[in-house]
Amino acid sequence: MESDNKLAGSPSTPVLIVQDIRQRFGGLVALDGVGFEVSPGEVLGIIGPNGAGKTTLFRIIAGEQVPWQGSITLKGQRITGLPTHTIRRMGIAVTHQIEDAFKSMSVFDNVMVAALFGAEQSIPFEVAAEHVEVALQTTGLTTRYADRVMDLNVVDRKRVELARAIVNRPAVLMLDELFSGINLEMVRPLARAIMDISNMGTAVIIVEHLMGIVRALCPRIIMLSEGRLLTQGTPAEVFRDPRVITSYLGEAHA
Amino acid sequence: MAAAAKHSDPVTKISQAWMQNRSRKSNLFLAIWGIASVAILVYGLTANPYYIRIGISTLLAMILAVTWDMVSYSGQLSLGHAAFFGTGAYVGALSFTKLNWNLLLSLIPAAIIGIVLALIIGRISIRLQGAYFAIATFAFAEAMRVLVLLASGLTNGPLGVTVLDAPPFPVQASPQLAIFVYFLLLLEAVVLVNVWLRKSRWNFAFRAIGESEVAAATSGVSIRNTRLISFCISAMFVAMAGAIYSHYITYIDPTSVYSVQTSVVAIIYAVFGGVNTLAGPLVGAAMLSPIGEALRVALGPASLLVYGAALLLTIIFIPGGIMGLLDMVTARLSKRAGSKQLGER
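Chains as they are written, first to last, in numbering that gives the first Met the number 0: chain A, 0 to 253; chain B, 0 to 344.
Next up, chain A with everything else stripped away, as it sits in the complex (with noise of 0.2 Å):
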């Protein structure tokens, strides 16, 4: 049951290695040696209780934050501690738990602004529109292209967030909570566009709580709690494990 990580799933080099990641803010230790490596084309569920250190460890991947220790490698290159732009034009997109767009702009804007700077040479722009109508039809945004964000529900902003992200075809896709908020019959066109973008190559990893969308999803889960890696293996593996059951769900039902 303890597999090794490296072997697990795909033969190919890792895109990205996370190494021994540490954090603490105060006195407080948010991540205690966290790492993990994914493939390309690979789907990697983070799960974890709140207050795990899930958000911390996303963040801190995509540049948002700077780990106190560890380092990050992309591709080879060493990116720990680098700005959040560069890190978006090096590989590694992000979706946020709370969607945040432009919000006056129209959709087609919004996913031009990433076409645009969010790759590391800069293309022209008729490159870019091209580029920004595969990525609104990947995520099913084609009819409401000319609208402002503004005025769409929450599943279109997640999908405008997506399509964002997505438009540059990323080395790597970190989605956090993209599932929450959104109502069963749109989760399968979701997870649809992820599967698209999983095939041609990008590794994608998937932070959730709903259990059911992991499961689905995800070939290899890693479990965090207080800051460390309790677990990892396949869906039926961690949901096995006691000590997942028991960080969930609390000693009495162990």
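Not one of these hints is a red herring.
Only pairs whose alpha carbons sit at most 30 Å apart, straight line, appear in this in silico BS3-like list of lysine-lysine: (1) 334(B) - 198(B); (2) 24(B) - 198(B); (3) 102(A) - 24(B); (4) 102(A) - 12(B); (5) 24(B) - 334(B); (6) 334(B) - 102(A); (7) 198(B) - 102(A); (8) 12(B) - 198(B); (9) 24(B) - 12(B); (10) 12(B) - 334(B).
These aren't lab readings, by the way, just hints derived from the structure by calculation.
Given the coordinates of chain A, assemble chain B onto it according to the supplied hints.
For chain B alone, kept in the frame of chain A given last:
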């Protein structure tokens, strides 16, 4: 991007429509601005000296308003125009008195020093937001005034500098007409650069940062670099305007060229006309500056009260300024027209 091929077959319907639509607004603006420029030039060539002076202060007001709006467009409220204007004025004046350079030559050091100053203050304060950035730029302008006051070996301190030099001009003309033409040429450069900025990729960075810094950064936009670009371009033009101004007014001292008023009126013009639009700051300055000039004759310093009232009324009743009002009217008209012919959508 090869992997995109699978999806990209039906592409280009939306993207082509978007590409075609992209420069429509700025093209309309450029056409109108072209006509306006000719009208301004004809005005300058035919007006008497008093009206040329009104024209000069209006052109300067337009330059200050558009350059302020450039910074505001990237989400920063600047009160630092006086720093760049005053420094440009001193560079213009001193390069004549110390080096015997004419107006056109002095524009080069004025532009360079404007950019360098903007880089210095930008590096320190560009991360500050909203009111904090405004306070930092305001303090910087005050610090520059005090610095120039103290460096009396170079600047003559509180005694000021006199510039008695007719600006070079290819044909026979009064110095005032020459100044008018140079301010008009500078305004043309400001407007064209502003149009270019809004047609370029930076337009998307400016708007994105103005709406959400977090989303902009996660989209790959460097917030610091984007803001430095608009801040430096703006400062360069303001410093050049200051240099021309020093040759126009012929006598400058620290209090007059590092005046807070320079920073404040730029904001009033832009807000009155409509911030973050191409035409708004131009329209606002063109309407308010001549009125202010007339009021100053009648009321003296109290004329600023009228500006303050205009600003308040604008913010309360037409927050989008004149251009916002225009947009509202055209939207309502086209809505009425649209309800008659539904085929459009």
